[in-house]
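Student: Chains as they are written, first to last, in the numbering used here: chain P, 1 to 113; chain X, 1 to 116.
Hints are computed from structural coordinates only; laboratory data are not their basis. Among the clues, some could well be false.
[Stated by the list, open to error] Under the rule of at most 30 Å between Cα atoms (straight-line distance), these lysine-lysine pairs were calculated in the DSS-like manner:
1. X:Lys70 / P:Lys100
2. P:Lys100 / X:Lys71
3. X:Lys57 / X:Lys71
4. P:Lys100 / X:Lys57
5. X:Lys71 / X:Lys9
6. X:Lys9 / P:Lys110
7. X:Lys57 / X:Lys70
8. P:Lys100 / P:Lys54
Predicted, not measured: the structure shown is a model, and the values here were computed from it.
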Amino acid sequence: GIQVEQSPPDLILQEGANSTLRCNFSDSVNNLQWFHQNPWGQLINLFYIPSGTKQNGRLSATTVATERYSLLYISSSQTTDSGVYFCAVDFYILTGGGNKLTFGTGTQLKVEL
Amino acid sequence: NAGVTQTPKFRVLKTGQSMTLLCAQDMNHEYMYWYRQDPGMGLRLIHYSVGEGTTAKGEVPDGYNVSRLKKQNFLLGLESAAPSQTSVYFCASSYSMDNPSYNEQFFGPGTRLTVL
Numbered sequence: 001g002i003q004v005e006q007s008p009p010d011l012i013l014q015e016g017a018n019s020t021l022r023c024n025f026s027d028s029v030n031n032l033q034w035f036h037q038n039p040w041g042q043l044i045n046l047f048y049i050p051s052g053t054k055q056n057g058r059l060s061a062t063t064v065a066t067e068r069y070s071l072l073y074i075s076s077s078q079t080t081d082s083g084v085y086f087c088a089v090d091f092y093i094l095t096g097g098g099n100k101l102t103f104g105t106g107t108q109l110k111v112e113l
Numbered sequence: 001n002a003g004v005t006q007t008p009k010f011r012v013l014k015t016g017q018s019m020t021l022l023c024a025q026d027m028n029h030e031y032m033y034w035y036r037q038d039p040g041m042g043l044r045l046i047h048y049s050v051g052e053g054t055t056a057k058g059e060v061p062d063g064y065n066v067s068r069l070k071k072q073n074f075l076l077g078l079e080s081a082a083p084s085q086t087s088v089y090f091c092a093s094s095y096s097m098d099n100p101s102y103n104e105q106f107f108g109p110g111t112r113l114t115v116l
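Same shape as in the complex, but just chain X (with noise of 0.2 Å):
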């Protein structure tokens, strides 16, 4: 049980480059979220969904798109990367239908991105 994981790890862009984080979780939750973290902070929500083939905008949604075509996965996409986009991304999950009262997320290691 590998619970969240995120690729790659760690990678460094050109503006106007882009890319996509991937996301994968082997807990069969509804919920998948995608948060970014800069210096001294806590994290903010990007984007979430609530289920397959379902996206909605979080807190700070601007120069981001994503994508969930299957329930385990959830992709992050910069179409055009800018400086101000250098963070540290976080993919989070919550809630299974077999506990509906139960709504912790559980937090992959992060991917630590840096747009020149």
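In isolation and in its complexed conformation, chain P is listed as follows (with noise of 0.2 Å):
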């Protein structure tokens, strides 16, 4: 079947420090986007990158479709991006329209002063 696969499953970083996280996707996609969901469960749009590259202050992302995955960069970890980054695709179009995300598992990262 379809796939989404996160990785690392788990990340602790000192403060400061930077980190990439990755997602593979086994079938062509229409849309990839990245989320981070915080401690509190709320889930906050990062990025919506079907192809290339994107930055937004400390994070920037970067999908290679033809290779099929895509990476986030954290730079200068806060104790503030602590919590669950999940990578999700839209490999279908729904009946009639509107897309299907399927997400990864998620990497869940740990910020320590």
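The two chains are supplied separately, each in an independent frame; assemble them into the complex guided by the hints.
Tutor: Right, dumping it as structure tokens:
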């Protein structure tokens, strides 16, 4: 079946460190999104990035659609970056429209002082 | 601009009780979705709607019903709640005809449901 795999599953960083999270997907995608789920459970949109590179402050993301992976870079990490990072891909167009997001299992990030 | 809102935020039900979760969006989006998230997992699609008056089944639809009588609202109903429906429920919306090539999904804050 269609798979979305994220690595690493868990990551502990010291504040100020940099990290790279990876998302591999098994088929061609229409869209790809990165989310941060904070410790209160809220899903925060980070990037909508079906291809190419985008940057937003200390975060950036790159999707190489032809090689079926995406990377999320976090630089100068802060304790507020803690939480779970999800990659979600849209493999199909649903009946009549809409797009079904298939989520990876996430990367649990903890940033310590 | 509130984005996507959900009510209630928390609810505890007994097995067999019914309830309705309400989702509202103010972004004039055409598409709306209901997902559930279980511990340690990503989200899974329950039902979705591509427009007012339309609904369709997602990945895990059993035990749920939905309705979209107004474009801005999407209701999720549990007719006879079961412990297996204990989960966090997220609503999302996407797609505006003003920008048809852009299909980013935006999520509400979630409803934490416990069925005893």
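Student: Checked against the structure, which of the hints given earlier come out wrong?
Tutor: none
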